[in-house]
Amino acid sequence: VVVQRVAESEARAVETAVVQLRELLGPDPDLLRLLDLPPDLSLLRDYLTRTLRAGLASAEHTRDVAVVLERVDSAIRDRLARRIAASTGQVGGLSRAVRAIGNANGARLSEVVTRELCGALGYGKAMFSLVSGSSWAPVAVSVHPRLAGEFDPFIAAVDGHRISLWDAPREAELVRRRRPYAVDRSDVYRHTYLPLLNLTRSISYLAVPVVVGERAVAIMHVDRHDSDIADEDFHVVGALAEACALATESARLRDQIARQNQRAESELERLALALRDLERSDVTLDDVAEHAVDAECASGESPGPERATTLSARERDVLALIATGASNAAISHRLCISDGTVKSHLQRIFKKLGVTTRAEAAARYAGYRTSTSVSA
Amino acid sequence: MTGGDRPAGDELDRAIAETMTGMRRASGDELAALGVELVDLLDRRQTMQDQAIADVRRTTSRLDLAVRALGGAASRKELLQRACLALAQVCSAERVVLSGIYAGHAVPIAMHDAGGDVALPSEFDVVPESGEARALRSGYVRWPTEPVAELRSMFPAGCSIHAVRIDASPAALLHVDAEIDTVRHDSIAVCAEMLGACFRRLGLVARRSRQLELLRASARSWTGDWDAAALVDPPAVGARPAPQPVESLTDRETEVLGLILTGASNSVIATELVITVDTVKSHVKRILRKLGATNRSELIARHTDVTVTPARNRRPSP
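Chains as they are written, first to last, in our numbering: chain A, 1 to 376; chain V, 1001 to 1318.
There could be a bad hint or two in this list.
As the list claims (entries may be wrong) - Straight-line alpha carbon distances no greater than 16 Å define the calculated EDC-like cross-link-like pairs of lysine to aspartate or glutamate that follow: (1) 343(A) - 315(A); (2) 1077(V) - 339(A); (3) 1290(V) - 315(A).
To be verified - According to the in silico footprint, chain V covers these stretches of chain A (three or more CB under 8 Å from chain V): (4) 72 to 85; (5) 234 to 248.
If you're looking for bench data, these hints aren't it; they were derived computationally from the structure. Even for Gly, the Cβ is constructed at its ideal location relative to N, Cα and C.
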C-alpha cells in the first residue's frame, strides 16, 4: 500500500507507457514481465533502449517508441535533478542549521534540531529522542510545512514517554554501535518500532545517533516522506549530529560551571555566617565539649579518604572520569590531554590506590564518595 | 561543480532535439539508425547526470568527514591542524590560512599548504573596508578577493575570506585559495560554523578547569591544607544517566552484580561463585545489556550512588 502511494505519479507514467507499448508492439514477453514487477521508470527505460538498439520489426514503430523513451527519460532526469538540487541546497542549509543549533540553549536544542531538519534541510519529518540507560524517549518532532496537518496523531504521540530498547531492536543496535542506519521500502517493517512508524507512514527513513563522550545520548530520525533516503542524507544528518554533540557538550559545561559557582557561593555564605558567629558569640561550656569531639574525629582512622587525597588534583579528575566508565579516549577528549598522558595518570592512580583494574578503581572511588557524603 | 557541465549538456540537449525532429521525417533503415543514435545520446546525458550525483555525494561525504575531524579534536593544537586540512579537502584548496582576531589585529595561527614549506605569514591589522573587515562584518567575502598586503604573496590569484565566530563575536578569519562554486562555498561556511562551536567547547573546558583550580587554590589558601576534595566535586563526564530500576536480573545475575560492584575481576568472581570464567563472562555480558551500561566501571558508578543490591549480603562466604 505504502509503496504504491509514493510512486503514484511514477507508477501512472509507467502504466500509461506500457499500455501504449502493448498496442504498438503486441504481447512481447519482456514487456509483459514489466507488468508483473513493481512499476519502475528505470526498468522501463532499460527495456526501451534495448528494444531500440535491437531494432523493431516495423521500422515505423521506432518513432513512437522513441517518443515514449524520451518521455520516460525526462521523468527520470527530473527526479534526479530534484535530488541533486535538494542535496546541493542542503549543504547551504547545513551552515544555517549548525548556527541555529549553536545558538540554542540546552533545553530547546531538540526543538531547534527538528525544526532545522524540516526547514533548512528540507526533510519531510524529523524526530529527536533522548537516550538514557536502556530506554529512549522521543521528545521533539517537526513536519515539513507542506505536510502540515497530515501528521497530527504522530506529533501527539511524541510526548516524551520512554520506550525500552528491547522493543526497538534497530534503535538498540544504533545505541550500542553508535552508528546510523537507514531502512528502505523493502525492509521498513523489519525490526522497526511499529507504534511510531505506522503513524509516520514512512517508506524509508534514516536514524543517526548523537554521540557525546563515546555514548549515544540522542537519536535523530528523519524521512523524506515521498522518496528514499540517499547516501548524501547519511552525511548531511551525520554532520548535523556532530554539531548537536558539540552543542550538548558546551551546554553541559556551562551548566556545570554555573552549578559549581552556585554551590561555591552558598558554601561561602554559610562559611561567612559560621565564621562571624564563631567570632562574635560568647564562649560557652559547649565549645569545650564540641572541640573535644572534633579533635577525636580528626585523629580517627579512615583509610579510604586518606588514600584518595594523596592523589594529585589532576589524578583525581582522571579517577572521577574512570569511575563513570569513561574510556581513555573519552578522558583524553574530555580533559584535553593526550592519550599517553591519560595512561600515565592511570598507572600512577592504580599504584597509589593499590588496584589493578579500572573496575576496582571505580569501586574504590564509589566507596570513597559514599563514605565522605555520609560523613559530611 | 555542475556549472562546468553546462555547455556540454546544452550541446547534448540540442543533438537530442535534432534527432527527434529528424525521426519525424525519416523512414525505414534511416529511422532505425536514428533510433539507435537517440539511445546513445540519451545514455550519454544520463552518464553526465550520474556524475553530477556522484559529485554531490563526494562533496557531502567530504564535508561529513571534515565536520567529524573537527568535532573529534581534543586539543587546541589538534583542532587548528585539522581545521586547515579539513577545509583544504572540503573545497580542494591548495592553501588555507587561519588567523586569530584580537581587537582589530589578526595573528595567523595555523595553515595548510599543499606544497609544504611555506612559513606562517606575519601578523596584520584588519584595515577598514578591506576584504577581511567585510568578512568579519558579513560572515564571508567570495573568491576572488584580494587579501591584505601581508598575505598577498600567498594568494596571488585572490582568495575567499570567511569569519569564524564563537557565539556571536568574531574569533578568527579563514583565507582559502580555491576557485569556489556555491556548494564548496557553503561547505566552507559549515566548517567555519563548526570551528566556532569547537572553539567554544575547548574554551568552556578550559574555563571549567580554571574554575576548579580557583576553588582548590582558594580552599588551600584559607586553611593551608591540601585536601580540598570536600569543596570541589569531580567533573562529570557525558551524561550521568538517571539510575535505572534493576531490570529483571536473575538471582544468579544479581549475585554476580554484587561482586562486580566491589570491583572484583572475572576470575575473582569465578572463584567466589565456583563457576568458570566463561560463565562469569556471559553473566556479565547479560547484566551489562540488561542495565544498559557499556562497561563495569559505569555499572559501579550508577549503582553505588543509589541502589545497593541485596546480593551483597547474600553472597556466599567461603
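Hint-by-hint comparison with the structure:
1. 343(A) - 315(A): holds, 11 Å
2. 1077(V) - 339(A): At roughly 14 Å apart (the allowed maximum being 16 Å), residue 339(A) and residue 1077(V) satisfy the hint.
3. 1290(V) - 315(A): violated, 32 Å
4. 72 to 85: holds (count 7)
5. 234 to 248: holds (count 10)
The structure fails hint 3 only (numbered hints given earlier).
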